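Turn these sequences into a full structure, and let the hints guide you.
As given, the protein sequences belong to chains U and F, one line each in that order.
The first sequence begins at 1 in full-length UniProt numbering and counts up one residue at a time.
The second sequence begins at 1 in full-length UniProt numbering and counts up one residue at a time.
Worth flagging that the hints you see were computed from the coordinates, not collected in a lab.
These numbers come from a predicted model, not from an experiment.
Every residue, glycine too, gets a C-beta built ideally from N, C-alpha and C.
Where hints are given, some of them may not hold.
[Stated by the list, open to error] Far from chain U, some chain F residues (derived; all Cβ distances over 12 Å):
no. : residue
1   : Glu-3
2   : Thr-56
3   : Asn-110
4   : Gly-177
5   : Phe-261
6   : Asp-331
7   : Gln-472
[Claimed, not checked] Below, simulated DSBU-like cross-link-like pairs (lysine-lysine); rule was C-alpha separation at most 30 Å, straight line:
no. : chain 1 : residue 1 : chain 2 : residue 2
8   : F       : Lys-521   : U       : Lys-528
9   : U       : Lys-506   : U       : Lys-469
10  : F       : Lys-459   : F       : Lys-444
11  : F       : Lys-532   : U       : Lys-523
12  : F       : Lys-189   : U       : Lys-506
13  : F       : Lys-517   : U       : Lys-523
14  : F       : Lys-517   : U       : Lys-506
15  : F       : Lys-486   : U       : Lys-469
16  : U       : Lys-523   : F       : Lys-459
17  : F       : Lys-316   : F       : Lys-235
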Amino acid sequence: MEFAELIKTPRVDNVVLHRPFYPAVEGTLCLTGHHLILSSRQDNTEELWLLHSNIDAIDKRFVGPLGTIIIKCKDFRIIQLDIPGMEECLNIASSIEALSTLDSITLMYPFFYRPMFEVIEDGWHSFLPEQEFELYSSATSDWRLSYVNKEFAVCPSYPPIVIVPKSIDDEALRKVATFRHGGRFPVLSYYHKKNEMVIMRSGQPLTGTNGRRCKEDEKLINATLRAGKRGYIIDTRSLNVAQQARAKGGGFEQEAHYPQWRRIHKSIERYHILQESLVKLVEACNDQTHNMDRWLSKLESSNWLTHIKEILTTACLVAQCIDREGASILIHGTEGTDSTLQVTSLAQIILDPRSRTIRGFEALIEREWLQAGHPFQQRCAQSAYCNSKQKWESPVFLLFLDCVWQILRQFPCSFEFNENFLIMLFEHAYASQFGTFLGNNESERCKLKLQQKTMSLWSWVNQPSELSKFTNPLFEANNLVIWPSVAPQSLQLWEGIFLRWNRSSKYLDEAYEEMVNIIEYNKELQAKVNLLRRQLAELETKDGMQENP
Amino acid sequence: MVEQVKLLDRFSTNNKSLTGTLYLTATHLLFIDSQQKETWILHHHIGSVEKLALTTSGCPLVIQCKNFRIVHFIVPRERDCHDIYNSLLQLSKQAKYEDLYAFSYNPKQNDSERLRGWELIDLAEEYKRMGVPNSNWQLSDANREYKICETYPRELYVPRIASKPIIVGSSKFRSKGRFPVLSYYHQNKEAAICRCSQPLSGFSARCLEDEHLLQAISKANPANRYMYVVDTRPKLNAIANRAAGKGYENEDNYSNIRFQFVGIENIHVMRSSLQKLLEVNGTKGLSVNDFYSGLESSGWLRHIKAVMDAAIFLAKAIMVENASVLVHCSDGWDRTSQVCSLGSLLLDSYYRTVKGFMVLIEKDWISFGHKFSERCGHLDGDPKEVSPVFTQFLECVWHLTEQFPQDFEFNEAFLLQIHEHIHSCQFGNFLGNCQKEREELKLKEKTYSLWPFLLDDQKKYLNPLYSSNSQQFAVLEPNTASFNFKFWRNMYHQFDRTLHPRESVCNIIMNMNEQNKQLEKDIQDLESKINKRKNEQIDGVLTNELLHPVHPESPIIKTSLSFKEQTLLPVNDTLRTIEGSSPADNRYSEYAEEFSKSEPAVVSLEYGVARMTC
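Right under this line is the structure:
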């Protein structure tokens, strides 16, 4: 297919662009295969380059011969284009609609993007599972890498390499895979070096209504327990939901078959409930005219912060079991690709100082989200403005980022990255020139040959010039477990995401700049004082020498 | 003293507690836990004491403080609990001013220090700063003996063309005699914010003098003859007041006025709003939905927004239309104080400094008779007079500091500290309900002023991000879309440590700013020491040379060469170690220690030099 077929009118003059906080700009609108470009040909005004894949929905309006297209983006921005001429306007609108909803992944921009920067480190190889495993294997020999899923045959949503208990062979893993939803047998998610406790994750056990059991499954998860120790199974569904799942062949671990494990049910919402929550929240944030009561009631009824609290609480519970109770954990919900990953990754943020560094956080996203098979393509296909209401669209990853932001707010010095890093990840998960978030799992990414055909997000982010934008100037390594408060009074609306296009952040940005200046100045002064001290000491020793020739 | 008392964690659901000993002193309640950590609670801060039903572990005693601290003790023996309860009831509610803490508080200052403290804020000076008196405004002596209005200060500024009979006439037409006077004069715009109480207009009464006075105010503004009259009450309340012979200005009777209601609720609504808010956020195991629906139904943020919107109305009238504004509510000491002071703060950057903010409070709140003692319940009085009007003002300022992080010289801790002291009764500033009463209480002789103590401690209250180069008349234009208003956790949960961020950016930057100042000084010191030493070396060498003129090699060259050789290498070395070291190693505190260690070396070397030159 040629993009040209979709572009009926590639160019319109005298288009007026309205954006939040910018004066209106008049210029020429151009459509390319992947971008909507508005250029004013004036030196001092910024051009607009918008990825079609960032467009969530568009509205058209006509007043006489003047057409208006309102473009609603996946990053929640809303812009408006006034286009003279009804025909041009209709053409542009239909082209944008077609180009922003391309069916085939291989037509997406990452397959066409040619980087303008020199790749120092290929991000596709930055976080190899073998390397990640080495971090553990130096501390413990109870675990091994298994290549049982090399061909993606045992579990289509798992990566080719997973970490499993050493005592369990691949044959057993194949059997366990038949007992777990989507073949997602329990694998290692995190190893807590301090007390050797672990977090594992899996899909739900397929017990069904007749209470099926699987000896190998029991053996596998028991293999992670020390003698006489008990572990916890955190089911991210309520007991009720878990029970209902049995009718569809799913279920949960029966106490009788897993006597060494205590099961705790938490209820983290998923799918359309989260999507609706996001739609409501963004709608509330976009309406500046709400009076106070209406705003608070909209914020409340969106339930967004309730979801945040629920997820954070569960993650804290897991961290507490590991660090305080000294118990190992198995986490799953239904598929083990959504709420499970929110919890395992947030627990690591709380427990593991490494995951609070930039590299460590990237590794976490790679391990716990990309490799672990969170279906990004499905979940992030649409955002808050789309009316399609597909079951699989859900802001699971955004909720995770929001939770990280909440912890970052409470521990502003314990993270190497800043809020912009999280915002950047949100943007790229929904629309990007990089291939990292394409596909739903490693198997699909392999088939798409993303490594060969697209650029990794990490290749770009990890350049020193980019990293400086995402580095938290306040960072001071904190090796402790950090316990966030989950009280409603401590949770806040993530303004950097949800109010980003609704109010000017000028003063806040300037204050941030000033803070950076103070910190930089401090470093300079420290260095200078040290240098001078050295000089003085030199002079003193020399004098001493002169004194006693 | 009672031993084995348990202090419960307010939000813990599993009744986590500390065990310790409870002491009652003349002024404070003191709890010392087994770790020797002390919790001091001033009796005046106690808002209410409640004895709950006896439990197996003892008798629960819940103390709610006016600074929003809530402590929950369990006293083992019911009798002890009862005794404490009764004592606290007595100690926390005083019948007369002279029994308040301020009259016994002794910070070890002599009389002249105390007096200087009281003179720190001089309102005459402040009006001069604003630019009055001038050709349009003058100081009136009408109230010099509190004859016209007991709740106003002695010194009032009025339009020059308003004669005394007009003032007297107008004051008779205004509730409590609070006639229109100047609150803030905008020098650039020549426009004024004036304040008064409601007119006694009833359904049809009018007063020519009052009409003249308003006209005089509008004439005092050469740029715009129109003036706004802002009634800060909801329209319904104002209408209801007409039945009682009060009410609001009839536009037809006054020339050149534009009348406007801004709808801020009265003190009773505010009191119960705060009550509801505290009930909600005191709930154990509170859910997000209950928190937000509680926040909504309390109406608290709605009220805050209303005050803010009214202040913005004032600022706009002056900035955009060059128009003077007259503000009133019913008596003109609650909502009027809120709106006038906040409006001035938006207009004039001076009020956003530490000193300026003190001046603002002295002017619009203390001198104009905001009834601090009644609103804060300093004495055992009518609970219906208590209302968080001033707290709301502080909260509005906090919201502004959130939106304009670089425009305020002070930080949040300053606002919290002021809030602490409007209730503490430790200083005289907020005692009494008006200036006349304060004079009668002889506060300036018998108590201390809070402000010098805050100024002495200024370091703690400075905003490290403040950019002081902003213009005097740089007006703040806050965004008041509802989503900008947040629950002020640090005020209402000030003492609930577990709810706060564990690392404070403000404190870190504040310390760093302090450290930077110290480092700058150190650099100067070091540089001068180095220079001195270099000179001494040269001197020393020269002297040597003079003493031994026939030295085979020139020591100057030798010295300077060896100096270079010596410095270059080790300096590089140290740079490397600095880069490699952890941030903690670069901490100033440790570094300062090392520095002082090198001090004796300098002395001995100087001695050495001295010896060489002999």
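Outcome of the hint check:
no.	hint	in the structure
1	Glu-3	31 Å, holds
2	Thr-56	28 Å, holds
3	Asn-110	40 Å, holds
4	Gly-177	36 Å, holds
5	Phe-261	16 Å, holds
6	Asp-331	26 Å, holds
7	Gln-472	19 Å, holds
8	F:Lys-521 x U:Lys-528	12 Å, holds
9	U:Lys-506 x U:Lys-469	17 Å, holds
10	F:Lys-459 x F:Lys-444	26 Å, holds
11	F:Lys-532 x U:Lys-523	26 Å, holds
12	F:Lys-189 x U:Lys-506	27 Å, holds
13	F:Lys-517 x U:Lys-523	13 Å, holds
14	F:Lys-517 x U:Lys-506	28 Å, holds
15	F:Lys-486 x U:Lys-469	28 Å, holds
16	U:Lys-523 x F:Lys-459	22 Å, holds
17	F:Lys-316 x F:Lys-235	21 Å, holds
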